[in-house]
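*Asks:* Next come the chains, spelled out residue by residue.
Protein chains: 2
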Amino acid sequence: MTQLKNDTLIRALLRQPTAYTPVWLMRQAGRYLPEYNETRGRAGSFLALCRDPGLATEVTLQPLARYALDAAIIFSDILTIPDAMGLGLHFVEGEGPRFERPLRDEREIRGLQAPDPTAALRYVLDAVRETRGALAGAVPLIGFSGSPFTLACYMIEGRGSADFHTVKALLYRRPELLHHVLEVNCRAVTDFLNAQVEAGAQVVMLFDTWGGILGAAEFREFSLEYLRRTVAGLRQEHQGERVPSIVFTKGGGGWLEDIAAIGCDAVGLDWTLDIGAARQRVGKRVSLQGNLDPAVLLAGPEAVRAQAKAILNAYGKGAGHVFNLGHGVSQHTPPENVAALVAAVRALSPAYH
Amino acid sequence: MTQLKNDTLIRALLRQPTAYTPVWLMRQAGRYLPEYNETRGRAGSFLALCRDPGLATEVTLQPLARYALDAAIIFSDILTIPDAMGLGLHFVEGEGPRFERPLRDEREIRGLQAPDPTAALRYVLDAVRETRGALAGAVPLIGFSGSPFTLACYMIEGRGSADFHTVKALLYRRPELLHHVLEVNCRAVTDFLNAQVEAGAQVVMLFDTWGGILGAAEFREFSLEYLRRTVAGLRQEHQGERVPSIVFTKGGGGWLEDIAAIGCDAVGLDWTLDIGAARQRVGKRVSLQGNLDPAVLLAGPEAVRAQAKAILNAYGKGAGHVFNLGHGVSQHTPPENVAALVAAVRALSPAYH
Chain W
1 MTQLKNDTLI RALLRQPTAY TPVWLMRQAG RYLPEYNETR GRAGSFLALC
51 RDPGLATEVT LQPLARYALD AAIIFSDILT IPDAMGLGLH FVEGEGPRFE
101 RPLRDEREIR GLQAPDPTAA LRYVLDAVRE TRGALAGAVP LIGFSGSPFT
151 LACYMIEGRG SADFHTVKAL LYRRPELLHH VLEVNCRAVT DFLNAQVEAG
201 AQVVMLFDTW GGILGAAEFR EFSLEYLRRT VAGLRQEHQG ERVPSIVFTK
251 GGGGWLEDIA AIGCDAVGLD WTLDIGAARQ RVGKRVSLQG NLDPAVLLAG
301 PEAVRAQAKA ILNAYGKGAG HVFNLGHGVS QHTPPENVAA LVAAVRALSP
351 AYH
Chain S
1 MTQLKNDTLI RALLRQPTAY TPVWLMRQAG RYLPEYNETR GRAGSFLALC
51 RDPGLATEVT LQPLARYALD AAIIFSDILT IPDAMGLGLH FVEGEGPRFE
101 RPLRDEREIR GLQAPDPTAA LRYVLDAVRE TRGALAGAVP LIGFSGSPFT
151 LACYMIEGRG SADFHTVKAL LYRRPELLHH VLEVNCRAVT DFLNAQVEAG
201 AQVVMLFDTW GGILGAAEFR EFSLEYLRRT VAGLRQEHQG ERVPSIVFTK
251 GGGGWLEDIA AIGCDAVGLD WTLDIGAARQ RVGKRVSLQG NLDPAVLLAG
301 PEAVRAQAKA ILNAYGKGAG HVFNLGHGVS QHTPPENVAA LVAAVRALSP
351 AYH
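Order-wise, the sequence lines are chains W and S.
Each residue of the first sequence is one higher than the last, beginning at 1 in the working numbering.
Each residue of the second sequence is one higher than the last, beginning at 1 in the working numbering.
Chain W extracted, bound-state conformation (with noise of 0.2 Å):
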């Protein structure tokens, strides 16, 4: 394969030192890009445009067009893995993901199996296959994967909940049945990381979306545990590159020291965080990606600049930052304050490297 032409967001994710902070965006490719709705137009419905790999690859790369970003991030959705079991995913417009057949009594979960990403997950690697091809070296592309705690708490509720009472029923009534869905969890968002990688991802991400609705003790039993395994069963290297590994929980800035020693490269902060305080913590363990509140985008170029500014600031000179938001882009962001974003990224950072 092609050599990197921007390695930056590789380095600063090893911190390695970079001429500037790297910039890339969570939901990066998405509804509040004109060209975006006018391919998901095109294909029907979300889960269309996931699941057909030239049509994913052509909005994974729709930002890159737009704004001098320094990565690519393949595509999908995070419930890819569930929907491979066989609980079908379908989304409900205005509401988000339902599975038609969540995960309800024991016998289903103790039948749960692990998918074979190259059978039931082969469009995502397909689609990773065709953008790196499309890359042609420009910026590193991105994998991904939900954690195996954020894809049990849907599995088991069947949608998105403010409190996913049903997980935490199960939780707290039967453990023993939780950890089972996350042990078989953990070996499918293993292997279909690892299957991201030998598709052509450069870096893989870990989006423990849910893991903050827990308690301390909880967290560290049945997420943190889980994410621990997941990175300690990745591919540290693929075609002699290193492939660095990110783990974001939203919500998780108290446990941050634990989630900084479970051996990823860099762990993604939420916009709740002072990033230089979060920098003290976790000392030169990983590196930090965030973290700006993604509604400051919705507030004009000028806050933009300064909260970038207060980010770049905060973090302090040296190496390993990543600049990102602490969530994804708002749908109803004006597609000018991303490109406000990322120009004074770029041209601020470099006086802290």
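For the record, the hints were derived by calculation from the structure and aren't laboratory data.
Each hint can be trusted.
Just a few of them, taken from the derived set where beta-carbon distance is under 8 Å, the chain S residues facing chain W:
no., residue
1, D163
2, H165
3, A169
4, G254
5, W271
6, T272
7, D274
8, A295
9, G300
10, A303
Distance ranges between label pairs, derived from CB positions:
no., chain 1, residue 1, chain 2, residue 2, range
11, S, R174, W, R173, 43 to 53 Å
12, W, E35, S, G96, 28 to 38 Å
13, W, E38, S, G276, 50 to 60 Å
14, W, A19, S, H332, 46 to 56 Å
15, S, G276, W, H180, 23 to 33 Å
16, S, N37, W, Y352, 55 to 65 Å
17, S, P34, W, G88, 32 to 42 Å
18, S, E106, W, R174, 51 to 61 Å
19, S, E108, W, H180, 53 to 63 Å
20, W, H180, S, A119, 55 to 65 Å
Just a sample of chain W residues kept apart from chain S, beta carbon distances all over 10 Å, derived:
no., residue
21, E35
22, E38
23, F91
24, L177
25, G318
If you're wondering where the values come from, they're calculated on a predicted model, not measured in any experiment.
Heads up, the beta-carbon is just placed ideally off N, CA and C, and yes, glycines get one too.
Using the hints provided, position chain S relative to the given structure of chain W.
*Replies:* Leaving out everything else, chain S in the frame of chain W:
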């Protein structure tokens, strides 16, 4: 007024020795209780129930008839203040609170006035007076309000939201307008809590339900500062008795030391924190209230007892702990699990005093 027969809560909030750990539960009067649903049915709606002092007194007392709780909390809603400001509170079944006339422009914001609580909020004060009389000193009565920032969230967004992006866009675009709303709210909340104390509330609590959606710097500027000013304006004593104050920021675990330093007597903790670690962080500055995950109450009496014991044990020996949940009681809670919790705290906690 009558002497308190059980002043365990007051003593614990003031870090004085007690024979056991007092317990009450956020939303202890609510939809999980069949007798509540019966009274609500008679009232016709949730708001009619809040506005009828006789019925509000009735539901306030219902959980005390079932459980050996150490406090009553007046049955009301956190959004009575903006309703009294003329924003038109109503509830959409299954979707939570809405305002008919949210703050939409600078003119509306500049025209905002703090209401006279003895007029527009008299129904709450009447309920406080009636409940205080009915309690006859059995346990203390807690009055409460939403925090200035949390009220502003609903007043500007017009309803609940996952990200309150209208509020945040205003915060980043026109911070001076949000500050104006917060100043008016601060005056309104202070007046309202002091009026509740005059009417008979023996403890006051500020619910900062949405402070945790902010970044660290924004929390300090837009929520914490107004919590501080509110607490500074509270009556410390009434009729020769100290009136302790409790501040609860959901999702505020990262800022615990800051919240503990604003002058309140106690800080409420959500369930994501280890209460032992929290105690080490705040030292002797405040008491701590919390912090069982309300989802534990969905699991069963054995899980309830085990988790209650874990929290008592994590806090450890000595004064300054008020047992509570880390969030309100879920409507799906079996009442017998609440009985198991209150009994467990009463049985297990004397060993820690």
